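Please put together the full structure from these sequences, using the hints given.
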Amino acid sequence: MTTLAILGGSPVREKPFPAYRTIGAEEKAAVADVLDSGVLSRFQGAWHEAFYGGPKVREFEAQWAALCDVKRAVAVNSCTSGLYAAVGAAGVEPGDEVIVSPYTMSASATAAIAFNAVPVFADIDPQTYCISAETIAPKITDRTRAIIVVHIFGQCADMDPIMDLARQHDLVVIEDAAQAPLARYKDRPAGSLGHMGVFSLNYHKHIHSGEGGVVTTNDDRFAERTQLIRNHAEAVVGSKGTTDLANMVGFNYRMGEIEAAIALCQIAKAPGLISRRKANVGLLEKRLADVPGLTMPHVGAAGDHVYYVHTIDYDRTATGIPRSLFVKAIKAELPSMELRENEGSLVSEGYVRPLYMMPMYQELRAFGTKGFPFVGGDRDTAPDYSPGLCPHAERAHHERVILHELMHAAMTEDDMSTVADAFEKVAEQLPALRDLNAQETST
Numbered sequence: 004m005t006t007l008a009i010l011g012g013s014p015v016r017e018k019p020f021p022a023y024r025t026i027g028a029e030e031k032a033a034v035a036d037v038l039d040s041g042v043l044s045r046f047q048g049a050w051h052e053a054f055y056g057g058p059k060v061r062e063f064e065a066q067w068a069a070l071c072d073v074k075r076a077v078a079v080n081s082c083t084s085g086l087y088a089a090v091g092a093a094g095v096e097p098g099d100e101v102i103v104s105p106y107t108m109s110a111s112a113t114a115a116i117a118f119n120a121v122p123v124f125a126d127i128d129p130q131t132y133c134i135s136a137e138t139i140a141p142k143i144t145d146r147t148r149a150i151i152v153v154h155i156f157g158q159c160a161d162m163d164p165i166m167d168l169a170r171q172h173d174l175v176v177i178e179d180a181a182q183a184p185l186a187r188y189k190d191r192p193a194g195s196l197g198h199m200g201v202f203s204l205n206y207h208k209h210i211h212s213g214e215g216g217v218v219t220t221n222d223d224r225f226a227e228r229t230q231l232i233r234n235h236a237e238a239v240v241g242s243k244g245t246t247d248l249a250n251m252v253g254f255n256y257r258m259g260e261i262e263a264a265i266a267l268c269q270i271a272k273a274p275g276l277i278s279r280r281k282a283n284v285g286l287l288e289k290r291l292a293d294v295p296g297l298t299m300p301h302v303g304a305a306g307d308h309v310y311y312v313h314t315i316d317y318d319r320t321a322t323g324i325p326r327s328l329f330v331k332a333i334k335a336e337l338p339s340m341e342l343r344e345n346e347g348s349l350v351s352e353g354y355v356r357p358l359y360m361m362p363m364y365q366e367l368r369a370f371g372t373k374g375f376p377f378v379g380g381d382r383d384t385a386p387d388y389s390p391g392l393c394p395h396a397e398r399a400h401h402e403r404v405i406l407h408e409l410m411h412a413a414m415t416e417d418d419m420s421t422v423a424d425a426f427e428k429v430a431e432q433l434p435a436l437r438d439l440n441a442q443e444t445s446t
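So for the sequence shown, this note's numbering puts the first residue at 4; every next one is plus one.
What the hints contain is simulated information worked out from the structure, not anything from laboratory work.
Source: prediction; values computed, not measured.
Hints may contain errors.
Within a straight-line C-alpha distance of at most 16 angstroms, the following computed EDC-like cross-link-like pairs (lysine to aspartate or glutamate) qualify [as the list claims (entries may be wrong)]:
| hint | residue 1 | residue 2 |
| --- | --- | --- |
| 1 | LYS281 | GLU416 |
| 2 | LYS334 | GLU17 |
| 3 | LYS289 | ASP417 |
| 4 | LYS281 | ASP418 |
| 5 | LYS18 | GLU344 |
| 6 | LYS373 | ASP383 |
| 7 | LYS289 | ASP438 |
| 8 | LYS74 | ASP307 |
| 9 | LYS18 | ASP424 |
| 10 | LYS189 | ASP72 |
| 11 | LYS289 | ASP163 |
| 12 | LYS331 | ASP222 |
| 13 | LYS281 | ASP307 |
| 14 | LYS142 | ASP387 |
| 15 | LYS334 | ASP424 |
| 16 | LYS334 | GLU427 |
| 17 | LYS142 | ASP99 |
Here is the structure:
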């Protein structure tokens with residue numbers, strides 16, 4: 004029996020895994036064309052034909068709208084900017100409440116705070132890790148204005164019941180689809196399911212332009228308001244003749260022509276890259292099906308998963324060792340990835356701590372030192388952000404979830420076999436790990 008690397012044996016693999024590179028000759032040529040044109044940006048922060056940006060930005064918006072089967076797409080410089088713009092476009096006001104997942108990147112919730120509203124956290128479904136109509140419904144009050152539904156890890160939330168709930172209460176639904184480009188729900192694309200969708204083109208997403216994002220919608224009014232917020236709304240509304248001035252404090256969320264040119268090339272590559280991810284996950288899951296204590300990702304009512312990461316549910320009772328030791332043993336067997344050598348093997352425990360555990364929520368301090376927007380104005384009772392608020396999210400992070408990125412499109416079948424070998428090697432030697440755990444806990 005081969006000795007585990009964590010116990011002094013040789014690892015399964017030492018050669019670094021291939022980097023996830025999606026930029027190639029097409030993007031280089033597209034960038035060169037933009038540079039040769041001399042137009043790196045065409046935006047003007049005034050009511051003018053150039054208010055809507057340059058030709059590459061507009062071409063990208065048209066193609067992304069077609070990709071998501073929606074009427075409109077608005078390019079922005081990041082998904083965070085897109086979330087902020089969408090919340091503003093939705094008409095969220097100071098003192099309103101916005102329901103959001105606690106198990107997501109921080110910007111999903113701070114988008115509400117940016118407009119002086121209060122995030123209200125709904126627990127996640129323990130299988131899909133997305134919020135659901137069942138967890139959202141008890142959180143709705145007369146202050147609720149919007150719901151930000153995060154399609155976490157690569158699959159859509161169960162959207163039909165959520166949209167039914169939103170219609171009952173006249174709420175705006177924003178899809179945070181940063182991790183789910185091209186994901187489908189009942190054969191409908193992410194970004195077309197709510198009132199607005201927001202995507203990321205950050206460098207570690209499925210496809211990217213370095214930094215960038217895009218907001219999708221079928222509502223012309225939401226598109227117009229998003230465009231205004233993107234580009235100095237307060238300086239434009241007078242000349243444009245906009246009379247609804249709510250949230251028309253503009254920002255500079257504009258995408259440049261270089262990023263748009265890169266993103267156009269990436270759109271063409273997206274189906275193939277995502278197909279490869281799915282194939283790699285299939286190879287791995289076939290090998291890991293009988294490993295004790297591991298449950299592969301549940302694909303819910305969405306019927307699809309594009310695997311931003313591969314999320315495994317861990318059951319300590321089946322292995323007899325804590326998750327931390329299991330992950331440590333896996334990491335010892337596998338190398339880092341090219342371009343990310345300092346991060347070690349890309350296998351980790353949990354995802355993010357539930358957002359309400361961040362200091363901002365625990366101390367109720369966002370703007371200034373007096374608790375605004377959590378208290379103040381007509382709100383004299385602070386929201387509840389106590390530990391235990393969302394038990395499924397807390398358990399997922401602290402006990403159950405194992406994440407890894409060793410299934411991206413550059414990984415070959417041989418690479419995937421190596422990853423499976425590491426998991427199987429660790430599973431075969433659980434008794435040795437139990438002994439190690441006993442030694443560590445007794446000292």
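Quiz item: Going straight from one Cα to the other, do LYS142 and ASP387 come out at no more than 16 angstroms?
Solution: Holds, at about 11 angstroms.
Self-check item: Hint consistency between LYS289 and ASP438 [alpha-carbon to alpha-carbon, up to 16 angstroms]
Solution: violated (29 angstroms)
Self-check item: Pair hint outcome, LYS189 versus ASP72 [Cα-Cα no greater than 16 angstroms]
Solution: Cα-Cα ~14 angstroms, so holds.
Exercise. Take the C-alpha atoms of LYS289 and ASP163, compute the straight-line distance between them, and say whether it is at most 16 angstroms.
Key: With a Cα-Cα distance of about 31 angstroms, the restraint between LYS289 and ASP163 is violated, given a limit of 16 angstroms.
Exercise. Please work out if LYS334 and GLU427 have their alpha carbons no farther apart than 16 angstroms.
Key: holds (13 angstroms)
Quiz item: Are the Cα atoms of LYS74 and ASP307 separated by 16 angstroms or less?
Solution: At roughly 23 angstroms apart (the allowed maximum being 16 angstroms), ASP307 and LYS74 break the hint.
Quiz prompt | Given hint ASP417 paired with LYS289 - CA-CA distance at most 16 angstroms | solution = holds (14 angstroms)
Quiz item: Straight-line Cα separation of LYS373 and ASP383 no greater than 16 angstroms?
Solution: OK: LYS373 and ASP383 at ~12 angstroms, within 16 angstroms.
Quiz item: Is LYS334 close enough to GLU17, meaning Cα to Cα at most 16 angstroms?
Solution: Cα-Cα ~11 angstroms, so holds.
Self-check item: Straight-line alpha-carbon gap LYS18 to GLU344, limit 16 angstroms
Solution: holds (11 angstroms)
Quiz item: Going straight from one Cα to the other, do LYS281 and ASP418 come out at no more than 16 angstroms?
Solution: holds (15 angstroms)
Quiz item: Is the hinted pair LYS281 and GLU416 satisfied, with a Cα-Cα distance of at most 16 angstroms?
Solution: Answer holds: LYS281 to GLU416 is near 12 angstroms, not above 16 angstroms.
In summary, the structure is inconsistent with hints 7, 8, 11 and 12 from the numbered list given earlier, while agreeing with the others.
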